[in-house]
Amino acid sequence: MSELGGLIHRMPITYLVYLIAIISMAGIPPMAGFISKWMIFQSMVGKGMIFVATAAFFGSIGSFLYVFRPLSAVFLGQLSTKHKKLKEAPVLMIIPMIILSLATVLYGVVPNMVLKIFSGIETSIGMKGLQLAGTQISGTNGILDPTIIAIMFGFGFVIALVLFLIHPKSRKVELMDTYTASEFIWTPELLHYASNFYAPFERLYENAPDTEKWYGALIKKIEELGQFVSYSLFSYKPSTIIFYIMTMLIGLLVWGGVLWI
Amino acid sequence: MSKEIKKVEKPEKIKKGWDGISNYFRANSIWMLMYCTGCCAIELPQAMTSRYDMERLGMGPMATPRQADVILVTGYLSVKTLRRVIYAYEQMSEPKYLVAFGPCAINGGIYYDSHAVIKQLDQYLPIDIYIAGCMPKPEAVMNGFKDLIEMIKSKKATGWRKYRDNNAWYKANQIHALGEVRIKDEFHE
Amino acid sequence: MNSMNNNVADLVKDVEARFNVLSVDYPKDDQVSFDFDNRDLHSALSYLRSAGWIQLSILSCIDWIDENEFQLVYIIFNWENPIRIQVRTRIDRKEAKFRTITSIYPGAKYYERDVHEFFGVEFEGNPDSNKQLFLENWDDMPPLRKDFDSIAYSDSKYPKREYKTDFSKKAGDK
Amino acid sequence: MDINYILTGMLTGFGVLVFAFVWQTSLSGITRKVVGRFHKRYGPKWYQEFRDIFKAMSKRGITHGWVYDFGVMMALGGIMATVMFMPVVTFVAFGQLDNFFIYVYLFAVGMLGMAMSAVGSGNPLAGIGVMRALTQMVGYEVPFMVIVLAIIFRDGTSSLSGIAAIQQTGGILTWNLVKMPIGTIVGFICLLGMLGKKPFETFIAPAEIASGPMVEYGGKQLGMLMIMHQFATFIEISLFINLFLGGATNIVFFIIKYMIIYILASLISQAFGRFKIDQVIKYFYRWPIVLAILQAGLVVWGRIG
Numbered sequence: 021m022s023e024l025g026g027l028i029h030r031m032p033i034t035y036l037v038y039l040i041a042i043i044s045m046a047g048i049p050p051m052a053g054f055i056s057k058w059m060i061f062q063s064m065v066g067k068g069m070i071f072v073a074t075a076a077f078f079g080s081i082g083s084f085l086y087v088f089r090p091l092s093a094v095f096l097g098q099l100s101t102k103h104k105k106l107k108e109a110p111v112l113m114i115i116p117m118i119i120l121s122l123a124t125v126l127y128g129v130v131p132n133m134v135l136k137i138f139s140g141i142e143t144s145i146g147m148k149g150l151q152l153a154g155t156q157i158s159g160t161n162g163i164l165d166p167t168i169i170a171i172m173f174g175f176g177f178v179i180a181l182v183l184f185l186i187h188p189k190s191r192k193v194e195l196m197d198t199y200t201a202s203e204f205i206w207t208p209e210l211l212h213y214a215s216n217f218y219a220p221f222e223r224l225y226e227n228a229p230d231t232e233k234w235y236g237a238l239i240k241k242i243e244e245l246g247q248f249v250s251y252s253l254f255s256y257k258p259s260t261i262i263f264y265i266m267t268m269l270i271g272l273l274v275w276g277g278v279l280w281i
Numbered sequence: 216m217s218k219e220i221k222k223v224e225k226p227e228k229i230k231k232g233w234d235g236i237s238n239y240f241r242a243n244s245i246w247m248l249m250y251c252t253g254c255c256a257i258e259l260p261q262a263m264t265s266r267y268d269m270e271r272l273g274m275g276p277m278a279t280p281r282q283a284d285v286i287l288v289t290g291y292l293s294v295k296t297l298r299r300v301i302y303a304y305e306q307m308s309e310p311k312y313l314v315a316f317g318p319c320a321i322n323g324g325i326y327y328d329s330h331a332v333i334k335q336l337d338q339y340l341p342i343d344i345y346i347a348g349c350m351p352k353p354e355a356v357m358n359g360f361k362d363l364i365e366m367i368k369s370k371k372a373t374g375w376r377k378y379r380d381n382n383a384w385y386k387a388n389q390i391h392a393l394g395e396v397r398i399k400d401e402f403h404e
Numbered sequence: 125m126n127s128m129n130n131n132v133a134d135l136v137k138d139v140e141a142r143f144n145v146l147s148v149d150y151p152k153d154d155q156v157s158f159d160f161d162n163r164d165l166h167s168a169l170s171y172l173r174s175a176g177w178i179q180l181s182i183l184s185c186i187d188w189i190d191e192n193e194f195q196l197v198y199i200i201f202n203w204e205n206p207i208r209i210q211v212r213t214r215i216d217r218k219e220a221k222f223r224t225i226t227s228i229y230p231g232a233k234y235y236e237r238d239v240h241e242f243f244g245v246e247f248e249g250n251p252d253s254n255k256q257l258f259l260e261n262w263d264d265m266p267p268l269r270k271d272f273d274s275i276a277y278s279d280s281k282y283p284k285r286e287y288k289t290d291f292s293k294k295a296g297d298k
Numbered sequence: 026m027d028i029n030y031i032l033t034g035m036l037t038g039f040g041v042l043v044f045a046f047v048w049q050t051s052l053s054g055i056t057r058k059v060v061g062r063f064h065k066r067y068g069p070k071w072y073q074e075f076r077d078i079f080k081a082m083s084k085r086g087i088t089h090g091w092v093y094d095f096g097v098m099m100a101l102g103g104i105m106a107t108v109m110f111m112p113v114v115t116f117v118a119f120g121q122l123d124n125f126f127i128y129v130y131l132f133a134v135g136m137l138g139m140a141m142s143a144v145g146s147g148n149p150l151a152g153i154g155v156m157r158a159l160t161q162m163v164g165y166e167v168p169f170m171v172i173v174l175a176i177i178f179r180d181g182t183s184s185l186s187g188i189a190a191i192q193q194t195g196g197i198l199t200w201n202l203v204k205m206p207i208g209t210i211v212g213f214i215c216l217l218g219m220l221g222k223k224p225f226e227t228f229i230a231p232a233e234i235a236s237g238p239m240v241e242y243g244g245k246q247l248g249m250l251m252i253m254h255q256f257a258t259f260i261e262i263s264l265f266i267n268l269f270l271g272g273a274t275n276i277v278f279f280i281i282k283y284m285i286i287y288i289l290a291s292l293i294s295q296a297f298g299r300f301k302i303d304q305v306i307k308y309f310y311r312w313p314i315v316l317a318i319l320q321a322g323l324v325v326w327g328r329i330g
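Chains as they are written, first to last, in this note's numbering: chain A, 21 to 281; chain B, 216 to 404; chain C, 125 to 298; chain D, 26 to 330.
Hints in this document: simulated from the structure, not taken from any laboratory.
It cannot be assumed that every hint is accurate.
BS3-like cross-link-like pairs, simulated, lysine-lysine; straight-line CA separation at most 25 angstroms [to be verified]:
{"no.": "1", "chain 1": "C", "residue 1": "Lys255", "chain 2": "C", "residue 2": "Lys284"}
{"no.": "2", "chain 1": "B", "residue 1": "Lys295", "chain 2": "C", "residue 2": "Lys281"}
{"no.": "3", "chain 1": "B", "residue 1": "Lys352", "chain 2": "D", "residue 2": "Lys65"}
{"no.": "4", "chain 1": "B", "residue 1": "Lys370", "chain 2": "D", "residue 2": "Lys70"}
{"no.": "5", "chain 1": "A", "residue 1": "Lys192", "chain 2": "B", "residue 2": "Lys386"}
{"no.": "6", "chain 1": "C", "residue 1": "Lys281", "chain 2": "B", "residue 2": "Lys386"}
Which bits of chain B does chain A cover? Going by a derived footprint, with three or more residues having C-beta under 8 angstroms, they are [what the hints assert, rightly or not]:
{"no.": "7", "stretch": "273-281"}
{"no.": "8", "stretch": "389-401"}
Note that the structure is predicted; figures quoted are calculated from it, not measured.
All residues carry an ideal CB built from backbone N, CA and C; glycine is no exception.
In isolation and in its complexed conformation, chain A is listed as follows (with noise of 0.2 angstroms):
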């Protein structure tokens, strides 16, 4: 991952679906990632399972680290020369990729459509159904709308945007002329921050116990068992193949109650 970068320049399309994925991944409140994982919290804060919640929430928290990390590296960043005659993603891989990005936009600003199946569902098995009011879910202890967020967030970035568009306008710099205390840096890879990106983490646990060594060791012996049976038992002679046949057949029939009545 850290050879790549900057593709954003190349594939843009590709950035922008893999955009809405880990906003919907992350549970950020446009996509369809959240509803679910405000159902989820609803009904979790609402039993009050405490180490079910923090183990959730730093699940959410981190698995929005997680997914931030492939965005940085891979399409953000600076673009290396070699990359620079990438061209975009076929047209018959970008469709069903748009049609997707656009159904979890979809469903993460109408929920109700599809939640109103599941309803269906829930109540046909005798479950109480979600309780759902025009676009509104209400949970065990909230009520969430989504279409309203998702508007105040288009009102929200539509002030942004006036407030861009009528302040001077800014002069477009390539992507090399960054600030590096005024040095002088020619190669893009070493302006490219990418490989071990979230260190302080790891050193957070780098002298905890070593469970790969120990993993390792444990594939090895079953690897040993394996050699082990196949060289006893499976020497591949016609006669012992037809001996096990026979044996196991013999089994089988003794264990099904038939040779014996």
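Given chain A, put chains B, C and D in place with the hints provided.
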């Protein structure tokens, strides 16, 4: 000295309206780039801390040229530092100002005969205000900043327009003195 | 302090016994300087290094233009014994060549490059001794030589406008 | 979901927005004066923050491509949307819809927008700054959410104005500050983390990474991000007031509480140097999480407070 590129003395008319209001804001909140190029920079901490308090004038240090409004050339400028100052100056967002401390920016000061120190900064970068004193005292520094504020308010701090209009003239001088502004050698690949 | 003096004394005796020292000098109380001939400078340096002077503090060069010679001064430093030794030698100024000492003090690589840039002394055996180190885009003769005219260079390279008004007159009289 | 309900909501939201900007910017100007007096100097005028913001907006900055601008607009849009939902005294844009989780995750839209445009500017310092901001966010978010879990579980409603209303029933005794003192302490520590004040200022460390994500901003983008910072501070502090200090019946109480909390946080930040990012994470994963789970346990299982 490149003779053939004429220097445009009179900058084109500054448009009214928005500029009047924004000049008030630009004058009262100047951000200084934390780039101390020479020996006069030791006077800046005194100007920032409690006795002289630059923040009263709305001034404060900023980390990057993109955010800064004024770049202070404090003291002598060696050839290598001039390359970096030019690079930082070009990275600043407009309108930007340049304040030169001490005699070294006027005629090379006590380093006038050195092979590494440039003599006159005015040939390479447009200077808005000079502050006298071989290491100007904090009072002089504050007085200089006060004058800079007056100049911005009265629309006379147009160094950045001069740089934009006579870019060819400045660039020619820079190339003449520095060979090339952006270095590409063993240490900068 | 007297332990210092006899300490220095027997050091000088020891070095003089091994190599033919052209002259000994005491620039400061804790410094002693030996002048060697070009040929046995390397052996002296390696001996002193084994005797405890493990750090090469600096290599500098002096331009005796009237005797038409360069003088290379190696200042070496000992962590246990607080005596600083200057090992000096003189080389011809015209084709200034000298063998590198990176085999004895590896750190000398950059000092030799620096001396080459500012004085023009060639160091055989140091692969990048002729590379440029500090001065960027330098296009003239090495600047610290005595025959380099820095005012002329400065006036030619860094132009200065002549001021029309004569500031020496008082402000009042025109 | 009729139209005029939304329009009135938008109008009140816009009112809250303007109030938030004017109040928070002037308060941060006053705080700069207070901090100045702390250093035995006068400090700037109280409206200096306004002048800084409008000066930044009036300058002609640079842009590194469309993601650089789009990210700034997305950040400011997301944070503005969050501010519009915020209940200030009686003005609530959408009555029972102001769910606590909206604030946390609509806030995350702003953070994502800024992170995206900062890294999109192509500067490695911005990437490091964003990485530090995100790791710090994981640090202070978990204890804060656990404490809010306790509050929501006990009050049965996750709407912020509802929580504030419950606390106002019996005067000062029913404030969460009194009922859950440990929770309020943890909330305040996480508030310091959210504000990015001095002990937890690693992601905009001016000396190490040249003001982190803000490295490449100048001109109007910088102005918009400064406005976003003011709004973010407003959200965090009014969130703290509504959750722990029982909201406010009239505007004067709100302003007094807001001022006390903000100036207290600023003065605490004056007394601290800047933590390293490893220390920030270790700090947040040691005491705040333990206290938060302890407090939540007391509330959920022990029924105390």
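In ascending order, which of the hints set out earlier in this document are inconsistent with the structure? Number 1 - this is the single hint that the structure violates.
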